[in-house]
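Going down the list, the sequences are from chains C and U.
Under UniProt numbering, the first residue of the first sequence is numbered 1, with each subsequent residue one higher.
Under UniProt numbering, the first residue of the second sequence is numbered 1, with each subsequent residue one higher.
Quick caveat, the hints were computed from the structure, so don't treat them as lab data.
A quick note: this is a predicted structure, and the numbers were derived from the prediction, not measured.
For every residue, glycine included, the Cβ atom is placed at its ideal position computed from N, Cα and C.
A portion of the hints provided could be inaccurate.
[Claimed, not checked] Using C-beta positions, here's what the derived DEER-type ranges look like: (1) C:Glu422 with U:Glu157: 26 to 36 Å; (2) C:Ala415 with U:Glu132: 12 to 22 Å; (3) U:Asn101 with C:Glu422: 29 to 39 Å.
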Amino acid sequence: MALNGMEIYKMLPKKNCKECGFPTCLAFAMKLAQGGTQAEKCPYMSADARAKLAEATAPLMKTVKFGAGDRTYSLGGETVLFRHEKTFVNKPRFAVMFDDSMSEDEVSKKINNINSVNYTRISEEMYVEIAAFRCSTGDKQKFISFIKKVMQTCSKVVPMIITENPEIVFSAAEEFSGLGPILYGANEQNYEAMVGIAKKYNLLLGVKAPDQANLYNLVQKIQNAGYSELLLDAGGRNLKTAFDDMVNMRRTALLSQDRTFGYPSVAFVCDMTKDKMMEVAIATLFIEKYASIIILNDMDYSMALPLFALRQNIYTDPQRPMRIEQGIYKIGQADDKSPLLVTVDFALTYFIVSGEVERSKVPAWILIPDAGGYSVLTAWASGKFNAKSIAKAIKEFEVEGKLKTRELIIPGKVAVLKSDIEDELPGWKVIVGTREAAALPAFLKDYLQEKAS
Amino acid sequence: MAYKKPSQKFSGKIREVTIGSDLKLGGESTLPFYSFDGDTGAKPAIGMEIWDILPESWPQSLKNIFGEYAHDPVKWAKFCMEKCNPDFICIKLEGANPEGNDKSPDECAAVVKRLADEIPLPLVIAGCDSDEKNAKVFTKVAEAVPDKNYVFLSAVEANYKEIGAAAGMAYGNIVSAESSVDLNLAKQLNILITQLGVKPERMVMNPGCSAVGYGFEYVVTTMDRIRLAALDQNDATLQMPIISPVSFETWKAKESAATENDMPEWGNQEDRGIAMEVATAAGVLATGSNAVILRHPRSVEVIRNFIGELTA
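Okay, chain C solo, but in the shape it has when bound (with noise of 0.2 Å):
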């Protein structure tokens, strides 16, 4: 449990020897409490009073790693249940379920699938990050080469064992700990051999039992054996347990303030459902509502699309709007003839304005200057949208090289700006466009077929 400043005060010394930085002892507690310093700072309290407090101040879930290399991924860490309290920290990962028992047809579509997803989106790179192999036929031989069958060609992904078998967990772990994989499997039977193996290698391991109250049992007495790179599975395979687990481990850890519930969760939503589309709706849910792993059947891009979209959404600082890079960017077969649009680097912003430029069938270009990363009235209103960022964008992308066209079409709620672009660019002539990107295809029609005529 969480200590508040006067409980932290009782375990101090009371010197007030200002020696942590703090003018008084109670400044210090008040401010331990808030996790703004450590215990280690203060000299003069006991070991058992500083373990203590080591303890009640440390974060309410813990952030746990897996993978290796470039491939290393957090998960867990979060401190708030809402997104508008605080930022959400370490985002879902996606895995891929591969069973031994699979025919080779499904296996090679599923790899085909995991290696043709692969995309970028605002800057991040979109794939699917981890494996998930599930040992069926109890055969460790064939479930090694299996795994390292489907490694082999798919070279991204981390892997994550699944198993309740330590024998076949040993064997993985030995042959696949370069890659820091995930050991899934240790229940109230097996529990001390798993830590065993996951102590050994220093890995993530999976912790699953019947229901909440189980595994709450099961999580301490794993953590009395000393482990605690834990993932949570209270076993929920239907769609409402499962959503009951997700939502009651995370609040039990950040509400109720209670570490045994303190750890990332995973969502089998492959077991939970055969439909695609389904899938596609429950991994919606555990996006949105604390799964730190979400395991489907497949991943194609129908899937990924709305998926890695929606994370991306999610676990943004809501504080600072998403921004998409400068440049000068092409929709459709653009050539140096077509219209050309200037907006902001606001993200929305410019996949709205894209998405109606595309709508349109009309081939141009869009020009994003630096704005701030605000929206058009924002970013004007705030000066960072202007002709002077916009003539410095028109430079610094060699529009005048790349462009044979010398006309510019700036959003309607920015029409004032139209002398002020003409001056700061000899030669360009500024059309004032659309207040509204959902009248632009009408407007670039029209502005096409004054240009023809």
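With chain C fixed as given, assemble chain U onto it according to the hints.
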């Protein structure tokens, strides 16, 4: 130490609003689907979007499904009912658009009147992109279908007076207040509409919707905050059920609109459109929507199962 399951009890409750003769929205005193905490109210409802004119701009996959019915909204609505069994029909009066067909308010009213006469389901009536035109259209439409409890989607700051007076007060229908993804704007508009004299139990709200990937974090956060204000702080000005026109947003997103020729590596366009619609719908339902509007029969089926399993 034994496990003690946490529970959150709120003092506030979302108002229950009846649309049509007996479709109930809202009534919950928990966060969405938190049945472990208490009463989750009426099951979220699913509506299907139809238009008063041929939807030329829709992706081919949707035209393949609705094409032979889409020249007549009544046939289209009947087809949706028979094939998909939605809870309500949303008629979007796209034909009223001054930039497009510029149909008169009387023509629009006639379309809705025909639907009202022939379709037993409740109607949600949506306008075109022009707030000014919608004010005129909704006034006529509300007059043509009095005392039906149909929802008028939506009254915005620029036209809430006309729509509130006609739909909400004079002709016994329900006003939906639309604001753009901001708790304070939503609250302000709800207050303005109630100050006009519209009773809160004759109101729903649409605090803004977008497709996943398109600023959807603002939608989630706005709805989270609206729901927490309504339930935790018992803020009566935000206790209206929420209705989210998901399909208005998702089908124009690039992920749904790009053809297989445009984006060969993305694969089947119809699957992409459905997945965007399904994810967006599940996403708003999980944060507080009481009703979603969808286009594709497959999305309706999946979201119905999703709601069914979570409320079982």
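Each hint tested on the structure:
1. C:Glu422 with U:Glu157: 26 to 36 Å: Roughly 34 Å apart at Cβ, these two residues keep to the hinted range, so it holds.
2. C:Ala415 with U:Glu132: 12 to 22 Å: With a Cβ separation near 20 Å, alanine 415 (chain C) and glutamate 132 (chain U) satisfy 12 to 22 Å, so the hint holds.
3. U:Asn101 with C:Glu422: 29 to 39 Å: Taking Cβ atoms as reference, asparagine 101 (chain U) and glutamate 422 (chain C) lie about 38 Å apart, which means the hint holds.
Every hint, counting from the list given before, is met by this structure.
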